[in-house]
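Here the protein sequences come in this chain order: S and D.
Each residue of the first sequence is one higher than the last, beginning at 1 in the working numbering.
Each residue of the second sequence is one higher than the last, beginning at 333 in the working numbering.
Calculated directly from the structure, the hints in this document are not laboratory data.
These numbers were taken from a predicted model, which means no experiment stands behind them.
Ideal placement from N, C-alpha and C gives every residue a C-beta, glycine not left out.
Honestly, I wouldn't trust all of these hints.
[As the list claims (entries may be wrong)] Each computed DSS-like pair below joins lysine-lysine, with the alpha-carbon atoms no more than 25 Å apart:
#	chain 1	residue 1	chain 2	residue 2
1	S	K321	D	K478
2	D	K655	S	K79
3	S	K155	S	K79
[Said to hold, decoys possible] Here chain S is said to cover these stretches of chain D; the calculated rule only asks that three of the stretch's residues, wherever they fall, bring their Cβ under 8 Å from a Cβ of chain S:
#	region
4	496 to 510
5	646 to 657
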Amino acid sequence: MRKWTKTSEFYVAIIILVLFAAIGSQNGAFFSSANMFDLIRSSIVPGIFVICTMMVIISGGIDVSFPAIATFSMFSATKIILMLDFDVPVFAAFLLAGIIGLGLGLINGLLIAFFKLPTLIVTLGTSSMFSGFLLTFVGSRQISNLPAPLEQFGKTQVIKFTTDAGITVGLPMSVLITAAVVILVAIMMKYTMIGRGIYTLGGDPVSAERIGFNTRFLQCFVYGFVGFLAGIAGMIQTTMMRSSNPVDLLGTELLIIAAVVLGGVRITGGHGTVTGALLGLLLIVTIQNSLILVGIPSYWQRFVIGALILIGTGVAAYQIKRSSAKQSSILT
Amino acid sequence: MTNQAAKRTGPDASYDDPSFSLKRWLSSDGNLTRLFVIMVVVFVTMTVLSPRTFLTLDSFSSMAFQFPVLGILSLAMMLTMVSGGIDLSIVGIANLTSILAAMVMVRLVPEGASAGTSFMYMLLGIVCAIIAGVLCGLLNGFAVAKIGIPPILVTLGSMQLFMGLAIVITKGQAIVGLPEQFSSIGNGSHIGIPVPLIIFALCVAAVYVLLNRRPYGMKLQLLGSNPTASRYGGINNTVVLLKTYALSGLLASIAGLVMIALTNSAKADYGTSYILQAILVVVLGGVNPNGGFGKIAGVVMAVLTLQFLSSGLNALHVGNFFKDFIWGIVLILVMVINAVSPRLKWKRRAAGSSKTSS
Numbered sequence: 001m002r003k004w005t006k007t008s009e010f011y012v013a014i015i016i017l018v019l020f021a022a023i024g025s026q027n028g029a030f031f032s033s034a035n036m037f038d039l040i041r042s043s044i045v046p047g048i049f050v051i052c053t054m055m056v057i058i059s060g061g062i063d064v065s066f067p068a069i070a071t072f073s074m075f076s077a078t079k080i081i082l083m084l085d086f087d088v089p090v091f092a093a094f095l096l097a098g099i100i101g102l103g104l105g106l107i108n109g110l111l112i113a114f115f116k117l118p119t120l121i122v123t124l125g126t127s128s129m130f131s132g133f134l135l136t137f138v139g140s141r142q143i144s145n146l147p148a149p150l151e152q153f154g155k156t157q158v159i160k161f162t163t164d165a166g167i168t169v170g171l172p173m174s175v176l177i178t179a180a181v182v183i184l185v186a187i188m189m190k191y192t193m194i195g196r197g198i199y200t201l202g203g204d205p206v207s208a209e210r211i212g213f214n215t216r217f218l219q220c221f222v223y224g225f226v227g228f229l230a231g232i233a234g235m236i237q238t239t240m241m242r243s244s245n246p247v248d249l250l251g252t253e254l255l256i257i258a259a260v261v262l263g264g265v266r267i268t269g270g271h272g273t274v275t276g277a278l279l280g281l282l283l284i285v286t287i288q289n290s291l292i293l294v295g296i297p298s299y300w301q302r303f304v305i306g307a308l309i310l311i312g313t314g315v316a317a318y319q320i321k322r323s324s325a326k327q328s329s330i331l332t
Numbered sequence: 333m334t335n336q337a338a339k340r341t342g343p344d345a346s347y348d349d350p351s352f353s354l355k356r357w358l359s360s361d362g363n364l365t366r367l368f369v370i371m372v373v374v375f376v377t378m379t380v381l382s383p384r385t386f387l388t389l390d391s392f393s394s395m396a397f398q399f400p401v402l403g404i405l406s407l408a409m410m411l412t413m414v415s416g417g418i419d420l421s422i423v424g425i426a427n428l429t430s431i432l433a434a435m436v437m438v439r440l441v442p443e444g445a446s447a448g449t450s451f452m453y454m455l456l457g458i459v460c461a462i463i464a465g466v467l468c469g470l471l472n473g474f475a476v477a478k479i480g481i482p483p484i485l486v487t488l489g490s491m492q493l494f495m496g497l498a499i500v501i502t503k504g505q506a507i508v509g510l511p512e513q514f515s516s517i518g519n520g521s522h523i524g525i526p527v528p529l530i531i532f533a534l535c536v537a538a539v540y541v542l543l544n545r546r547p548y549g550m551k552l553q554l555l556g557s558n559p560t561a562s563r564y565g566g567i568n569n570t571v572v573l574l575k576t577y578a579l580s581g582l583l584a585s586i587a588g589l590v591m592i593a594l595t596n597s598a599k600a601d602y603g604t605s606y607i608l609q610a611i612l613v614v615v616l617g618g619v620n621p622n623g624g625f626g627k628i629a630g631v632v633m634a635v636l637t638l639q640f641l642s643s644g645l646n647a648l649h650v651g652n653f654f655k656d657f658i659w660g661i662v663l664i665l666v667m668v669i670n671a672v673s674p675r676l677k678w679k680r681r682a683a684g685s686s687k688t689s690s
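Go ahead and model the full structure; you've got the sequences and the hints to work with.
Okay, structure coming up:
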């Protein structure tokens with residue numbers, strides 16, 4: 001039995017607490033509600049992305065195309081809605097972006113499941129393909145006149161209050177979508193056959209096939225579902241920015257993967273939790289947003305994140321090595 | 333990634349036969365033939381589409397200056413991919429080391445130094461860059477071989493680390509004003525051949541010798557196809573991996589030097605699109621992404637093909653985004669063909685002969 005103190009989530013949580021304490025002791029503004037809300041707000045879109053990446057990595061693959069899918073879906077969905085020229089409900093806009101994302105994700109899934117191609121290279125290729133297609137044939141100029149319902153949705157706040165200092169802080173509606181996605185995926189991964197199948201597939205594809213999982217279906221499902229979620233996340237980005245920018249999200253993929261891996265999701269597949277992935281994201285977002293509060297210039301961000309990835313994965317790899325050495329010494 | 337069933341082509345029939353036969357070479361390696369055909373087709377298509385701009389001496393000489401950087405980076409990527417890993421940090425290493433070199437050349441040189449002194453500083457800069465490249469590579473290799481972190485994660489992290497370090501050193505600014513002698517490496521020609529092309533050719537020759545004429549190459553390929561078997565076969569996997577990543581870092585630093593000589597400035601985020609392109613070149617060149625197999629001729633042809641395609645599209649005044657689109661399609665298409673053709677061959681063979689071939 002693994003004690004909870006031995007899980008990687010526990011270590012990440014401790015690192016985050018230490019970081020919070022360190023930043024908070026240097027600058028009291030860190031613990032202000034304005035800053036905390038800021039942290040949550042900047043995790044809304046990446047929150048969905050880490051969930052996507054977590055699922056893919058647990059299934060034994062890796063996906064670097066989700067920013068391209070998100071951008072593609074949000075931009076073309078916005079364009080289609082503008083072309084239709086009547087006020088479609090917000091729900092329909094999200095659904096449209098999701099369906100476009102689903103289609104693109106299925107392209108990944110089919111290539112991976114039926115040709116058994118390495119996931120990194122397929123998604124690198126499709127990522128370049130999708131963003132190239134978008135910027136060449138759909139458009140490369142930012143759309144700032146969003147349809148009215150989307151504009152309205154972006155302005156609606158869930159919680160809103162004014163602090164003592166007179167700053168109004170609030171969270172947009174979309175935080176609810178992210179929360180719903182997180183809970184849905186957490187339940188799916190833990191309690192449904194599909195979720196367990198994804199873990200099995202990542203742990204050992206041959207065993208998964210032998211115990212009767214349809215591995216091709218599972219892979220298509222993972223990449224399709226991730227595409228769908230990426231489309232939704234893209235639409236959230238549009239409503240939050242109140243504009244649809246076709247180059248907005250590109251280039252975020254490596255940081256998201258870093259967050260997921262820091263959260264204890266094993267890159268070789270089969271291990272990982274939603275909690276861990278979210279903790280990893282919190283760590284990265286805190287570093288991105290708050291290093292500046294303790295007087296570390298923002299150009300140190302990349303360096304710190306790179307060092308964290310190496311140290312974090314190094315510790316995890318070292319632990320695995322040691323535990324497997326222990327096991328083999330018992331056996332022989 | 334690692335747990336996807338690796339589809340390998342059968343053992344190469346011509347492998348242990350020293351005598352060379354073109355027919356056997358072509359038939360034994362369908363990929364090289366296919367690649368050659370693709371290269372010729374691309375070349376001819378581009379010539380037909382824009383004969384005035386594509387098929388000129390100017391366009392060829394500009395190509396000869398353009399592709400060596402990508403070519404050298406692809407060699408680095410190829411070595412790590414043959415070992416069963418990947419190196420995403422090559423561009424990070426190239427930028428970091430070239431910034432070090434540029435700082436030595438620009439900032440350390442005393443005011444009003446004579447040509448001889450500034451030449452010495454130039455050499456010092458080059459040596460510094462190459463040593464730094466090897467050290468960066470060794471860091472990757474150490475993390476992969478000793479600690480046991482998957483290569484993709486190591487190099488993902490070290491890419492951020494190196495690029496971050498470069499940003500920290502330069503505070504995000506570009507370093508400009510390299511000595512003239514140095515930029516002549518990037519823009520000059522030696523007996524009519526552009527210097528970057530000569531450097532690329534030397535790198536190709538060195539990697540060829542290492543892969544095909546030295547024990548290291550054999551060890552690397554064995555390690556890439558089956559690390560457990562190679563360990564039981566008496567190969568020191570750790571040393572081979574360390575060497576591989578160090579070499580990759582070395583090649584990356586050379587590419588970085590060529591890059592800053594071409595542009596006459598160094599910056600932390602130059603050439604980030606080269607990572608994807610290097611992977612594309614290597615995979616297009618027939619290197620098995622799961623490790624163990626790769627031919628340098630394939631990589632060279634792939635890099636030429638891409639350059640023809642790129643210059644040809646430029647001549648047609650096609651935007652960069654469209655090129656990204658084409659890169660993606662080509663990469664996927666090549667992967668699909670490479671995955672399907674051994675299976676077809678296998679089926680044909682099974683149908684053609686009554687006795688099983690295994």
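Here's how the hints hold up against the structure:
| no. | hint | result |
| --- | --- | --- |
| 1 | S:K321 / D:K478 | holds, 10 Å |
| 2 | D:K655 / S:K79 | holds, 23 Å |
| 3 | S:K155 / S:K79 | holds, 20 Å |
| 4 | 496 to 510 | holds (count 6) |
| 5 | 646 to 657 | holds (count 6) |
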